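Protein chains in written order, with the working numbering: chain L, 1 to 278; chain F, 1 to 447.
Please note: incorrect hints may appear among the correct ones.
Unchecked claim - In silico DSSO-like cross-links for lysine-lysine, where the CA-CA straight-line distance does not exceed 27 Å:
{"id": "1", "chain 1": "F", "residue 1": "K349", "chain 2": "F", "residue 2": "K226"}
{"id": "2", "chain 1": "L", "residue 1": "K4", "chain 2": "F", "residue 2": "K424"}
{"id": "3", "chain 1": "F", "residue 1": "K424", "chain 2": "F", "residue 2": "K399"}
{"id": "4", "chain 1": "L", "residue 1": "K4", "chain 2": "L", "residue 2": "K56"}
{"id": "5", "chain 1": "F", "residue 1": "K349", "chain 2": "F", "residue 2": "K424"}
{"id": "6", "chain 1": "F", "residue 1": "K226", "chain 2": "L", "residue 2": "K4"}
{"id": "7", "chain 1": "F", "residue 1": "K424", "chain 2": "L", "residue 2": "K56"}
{"id": "8", "chain 1": "F", "residue 1": "K349", "chain 2": "F", "residue 2": "K25"}
{"id": "9", "chain 1": "L", "residue 1": "K56", "chain 2": "F", "residue 2": "K349"}
Said to hold, decoys possible - A few chain F residues that don't get close to chain L, going by computed Cβ distances all over 10 Å:
{"id": "10", "residue": "R7"}
{"id": "11", "residue": "K25"}
{"id": "12", "residue": "F122"}
{"id": "13", "residue": "V177"}
{"id": "14", "residue": "M205"}
{"id": "15", "residue": "L215"}
{"id": "16", "residue": "N239"}
{"id": "17", "residue": "S243"}
{"id": "18", "residue": "K252"}
{"id": "19", "residue": "W310"}
{"id": "20", "residue": "G331"}
{"id": "21", "residue": "L337"}
{"id": "22", "residue": "E351"}
{"id": "23", "residue": "T373"}
{"id": "24", "residue": "N386"}
{"id": "25", "residue": "T401"}
Keep in mind that the hints were calculated from the coordinates and are not lab data.
Because the structure is a prediction, the values reported are computed rather than measured.
We put the CB at the ideal spot given by N, CA and C, even for glycine.
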Amino acid sequence: MSRKPSRTIAFAFTISAVASIGLMVTYILGGQVQVEGALIGVALGGIAFGLIVWGKDLMPAGHFVQEREPHPSPEDERAALADDFSTSSEGIERRRFLGRMLGLAAGSLGIAALFPIRSLGQAPKDDLFHTAWEEGMPLVTRDGAPVRADALEVGGILTVYPQVDPGSADGQAVLIRAEPDDLDLGDRTSWAPDGYVAYSKICTHAGCPVGLYEPETRELFCPCHQSIFDVARRADPIGGPAARPLPQLPLAVDAGGYLVAMGDFSDPVGPGFWNRDR
Amino acid sequence: MIRRFVRWIDDRLGASSFTRSALNKVFPDHWSFMLGEIAMYAFLILVLTGIFLSFFFDPSSRETVYNGAFAPLHGVTMSEAYRSVVELSFDVRAGLVMRQIHHWAAIVFIAAITVHLCRVFFTGAFRRPREINWVIGITLLVLAMFNGFTGYSLPDDLLSGTGLRIAYSIALSIPVVGTWIAFLVFGGEFPADQIIGRLEIIHIMLIPGIIFALLGAHLAIVWRQKHTQFPGPGRTETNVVGSKLYPTYMAKSLGLFAAVFAVLALLGGFAQINPVWLYGPFEPASVASPAQPDWWLGWVEGALRVFPPWEVRLWGFEIPNPFFPAVLLPGVTFLLLYLWPWIERRRTKDEAAHELLDRPRDRPVRTALGAVTLAFYGVLFFAASNDLIAKTFAVSVTKITWAFRIALIVVPTVIGWFTYRLCKATTRTEAEDVFHVPLKAVLEKPR
Chain L
1 MSRKPSRTIA FAFTISAVAS IGLMVTYILG GQVQVEGALI GVALGGIAFG
51 LIVWGKDLMP AGHFVQEREP HPSPEDERAA LADDFSTSSE GIERRRFLGR
101 MLGLAAGSLG IAALFPIRSL GQAPKDDLFH TAWEEGMPLV TRDGAPVRAD
151 ALEVGGILTV YPQVDPGSAD GQAVLIRAEP DDLDLGDRTS WAPDGYVAYS
201 KICTHAGCPV GLYEPETREL FCPCHQSIFD VARRADPIGG PAARPLPQLP
251 LAVDAGGYLV AMGDFSDPVG PGFWNRDR
Chain F
1 MIRRFVRWID DRLGASSFTR SALNKVFPDH WSFMLGEIAM YAFLILVLTG
51 IFLSFFFDPS SRETVYNGAF APLHGVTMSE AYRSVVELSF DVRAGLVMRQ
101 IHHWAAIVFI AAITVHLCRV FFTGAFRRPR EINWVIGITL LVLAMFNGFT
151 GYSLPDDLLS GTGLRIAYSI ALSIPVVGTW IAFLVFGGEF PADQIIGRLE
201 IIHIMLIPGI IFALLGAHLA IVWRQKHTQF PGPGRTETNV VGSKLYPTYM
251 AKSLGLFAAV FAVLALLGGF AQINPVWLYG PFEPASVASP AQPDWWLGWV
301 EGALRVFPPW EVRLWGFEIP NPFFPAVLLP GVTFLLLYLW PWIERRRTKD
351 EAAHELLDRP RDRPVRTALG AVTLAFYGVL FFAASNDLIA KTFAVSVTKI
401 TWAFRIALIV VPTVIGWFTY RLCKATTRTE AEDVFHVPLK AVLEKPR
């Protein structure tokens with residue numbers, strides 16, 4: 001009766017050992033991920049199979065009965081603990097003043113111990129309110145090359161940075177060229193020379209780079225949570241979870257024919273925070 | 001030999017009587033009691049593979065130019081962190097399989113905890129006297145999810161960098177203290193240099209340490225209280241019926257460990273996971289598309305996507321949009337989970353200790369509420385793919401998002417109602433069947 005399972009189990013363990021040897025050989029030969037996965041799988045699978053069959057077929061299973069002792073301690077034990085505790089506490093309770101002073105000392109130390117948390121980072125100050133853009137700051141590409149006013153065709157898009165910090169995380173902007181007649185920027189019409197508009201590339205929802213542009217509809221998409229912004233209308237949010245437009249960068253063309261900023265973004269860039277409007 | 005060893009130990013520790021009772025300890029047999037074990041073994045595998053990975057990972061944001069075995073990235077500027085992960089995957093022997101087993105183990109770890117949680121919930125195993133272990137268990141789930149996030153954020157690739165970007169924005173959205181929290185955690189305005197190094201310490205030391213301690217407490221309490229069991233012939237509130245720890249339960253459990261490890265190894269070998277070399281290094285102006293988190297954060301991601309474009313402005317202050325789906329929703333979710341044993345007790349007025357488990361159908365309200373909850377988070381999970389669904393069926397994302405908003409109300413309601421009716425119907429059929437004999441009693445021959 002017990003002969004057949006034991007043969008199966010022994011076979012499983014043998015296969016496992018062979019796989020382990022194969023594993024060593026694979027390693028020596030330089031390793032290969034699929035082979036390694038397969039061999040570890042077989043080595044452990046053999047052990048697993050053997051052990052489980054062994055446990056199921058050759059070991060006493062089920063139907064052992066054990067009594068549960070009640071969870072609470074016996075009543076007299078509890079009473080004895082309470083008694084012991086109050087007897088021993090008498091001395092402490094009499095010196096209530098000392099107890100309070102100990103509380104004061106430990107509490108003060110605890111509060112003092114929290115102070116170093118402040119070392120973890122800079123104060124937010126006004127970092128979130130401005131970027132490196134300022135009046136006359138040239139627009140540059142990721143490798144620092146200035147952007148000429150003929151750089152884009154209508155429908156084109158380019159990621160631009162302030163010249164002082166190419167690659168800047170908070171200063172990144174999308175430069176888009178549209179047909180000037182298609183733009184409806186209200187009092188910001190002068191911010192868009194030759195149909196060029198620039199908006200912060202950081203989504204006002206959760207901060208992803210807003211990189212997908214659909215020239216026909218002039219819509220910018222955020223690939224993270226699918227917010228949609230209307231480039232022709234001050235990047236107003238027209239779909240998805242974003243609630244605010246992308247801040248706009250006022251542009252001009254300088255005497256050399258290069259695009260420059262006329263100042264910082266119209267609003268603090270990126271996702272919202274508590275005191276953003278302050 | 002064994003006798004001599006036992007004598008040697010007992011002379012010094014006097015542990016014979018405890019060990020004997022431990023070896024004879026009876027555990028009830030049921031497949032659903034393995035779920036927690038699977039989670040525990042996945043954690044063990046995470047530690048084993050993680051130790052290996054930690055020897056090769058360099059948590060530095062310093063820029064370097066790649067020049068290793070993976071030709072497509074030659075000459076690309078990247079952080080040392082990203083470079084070390086690519087190197088681990090291509091130049092370190094057995095590195096890739098270890099990394100992939102580690103990632104799969106994390107996926108299985110959290111999945112097993114979640115299913116284990118469902119088992120405990122639907123069978124009422126959280127009731128008195130097991131509320132403490134319920135609370136510890138929920139905490140373990142939170143920690144596991146958090147550590148999963150810190151783990152996949154370490155490689156500093158484009159996908160995880162986007163995830164960190166969103167995490168930073170979520171921190172920013174917290175009223176009053178959000179900017180401070182974001183700046184202190186990241187070290188400054190995003191992307192501050194310190195975050196990868198900090199995440200590593202949190203990921204490999206802080207959280208695993210807490211998980212170890214809580215897992216130990218979780219198991220010790222199970223040991224002390226003895227495991228619950230399903231009702232059945234011979235099983236009462238005052239006994240445990242099952243197999244002894246030694247040898248049967250131990251053989252099966254070690255077998256389960258080997259089986260979990262085997263499955264993870266096969267996944268790690270054959271199922272590519274998180275191929276960071278394809279995503280490229282993190283760069284603030286770029287984004288991976290489609291960008292989705294690992295599965296266990298899918299519901300938060302879905303909530304971020306379908307939550308309407310609302311922000312609150314009060315007296316010149318602002319509560320930004322991500323606060324509601326990504327801070328408030330998870331906060332309420334876990335608060336309700338923590339409080340569930342007491343919420344249910346208020347309704348049922350059931351103060352008694354329970355050692356026998358409920359059949360889900362016998363508790364239709366609880367079971368239906370559980371189904372509603374699963375349906376709600378299930379819909380959110382799929383909502384995290386609204387862009388992919390829109391693309392596949394060539395429908396606008398806006399329409400898909402609206403469909404999900406409606407589904408979020410309709411689907412849980414329908415599923416909850418259906419589950420309730422199903423529970424009622426099955427218990428009624430049983431009650432009407434006067435010759436009813438428990439199926440198990442028919443199938444189980446007395447031994």
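So, going through the hints one by one against the coordinates:
{"no.": "1", "hint": "F:K349 <-> F:K226", "in the structure": "24 Å, holds"}
{"no.": "2", "hint": "L:K4 <-> F:K424", "in the structure": "46 Å, violated"}
{"no.": "3", "hint": "F:K424 <-> F:K399", "in the structure": "37 Å, violated"}
{"no.": "4", "hint": "L:K4 <-> L:K56", "in the structure": "13 Å, holds"}
{"no.": "5", "hint": "F:K349 <-> F:K424", "in the structure": "21 Å, holds"}
{"no.": "6", "hint": "F:K226 <-> L:K4", "in the structure": "35 Å, violated"}
{"no.": "7", "hint": "F:K424 <-> L:K56", "in the structure": "36 Å, violated"}
{"no.": "8", "hint": "F:K349 <-> F:K25", "in the structure": "33 Å, violated"}
{"no.": "9", "hint": "L:K56 <-> F:K349", "in the structure": "41 Å, violated"}
{"no.": "10", "hint": "R7", "in the structure": "26 Å, holds"}
{"no.": "11", "hint": "K25", "in the structure": "7 Å, violated"}
{"no.": "12", "hint": "F122", "in the structure": "23 Å, holds"}
{"no.": "13", "hint": "V177", "in the structure": "8 Å, violated"}
{"no.": "14", "hint": "M205", "in the structure": "16 Å, holds"}
{"no.": "15", "hint": "L215", "in the structure": "22 Å, holds"}
{"no.": "16", "hint": "N239", "in the structure": "5 Å, violated"}
{"no.": "17", "hint": "S243", "in the structure": "5 Å, violated"}
{"no.": "18", "hint": "K252", "in the structure": "4 Å, violated"}
{"no.": "19", "hint": "W310", "in the structure": "6 Å, violated"}
{"no.": "20", "hint": "G331", "in the structure": "17 Å, holds"}
{"no.": "21", "hint": "L337", "in the structure": "24 Å, holds"}
{"no.": "22", "hint": "E351", "in the structure": "13 Å, holds"}
{"no.": "23", "hint": "T373", "in the structure": "23 Å, holds"}
{"no.": "24", "hint": "N386", "in the structure": "6 Å, violated"}
{"no.": "25", "hint": "T401", "in the structure": "7 Å, violated"}
The structure does not agree with the numbered hints 2, 3, 6, 7, 8, 9, 11, 13, 16, 17, 18, 19, 24 and 25 stated previously, though it agrees with the rest.
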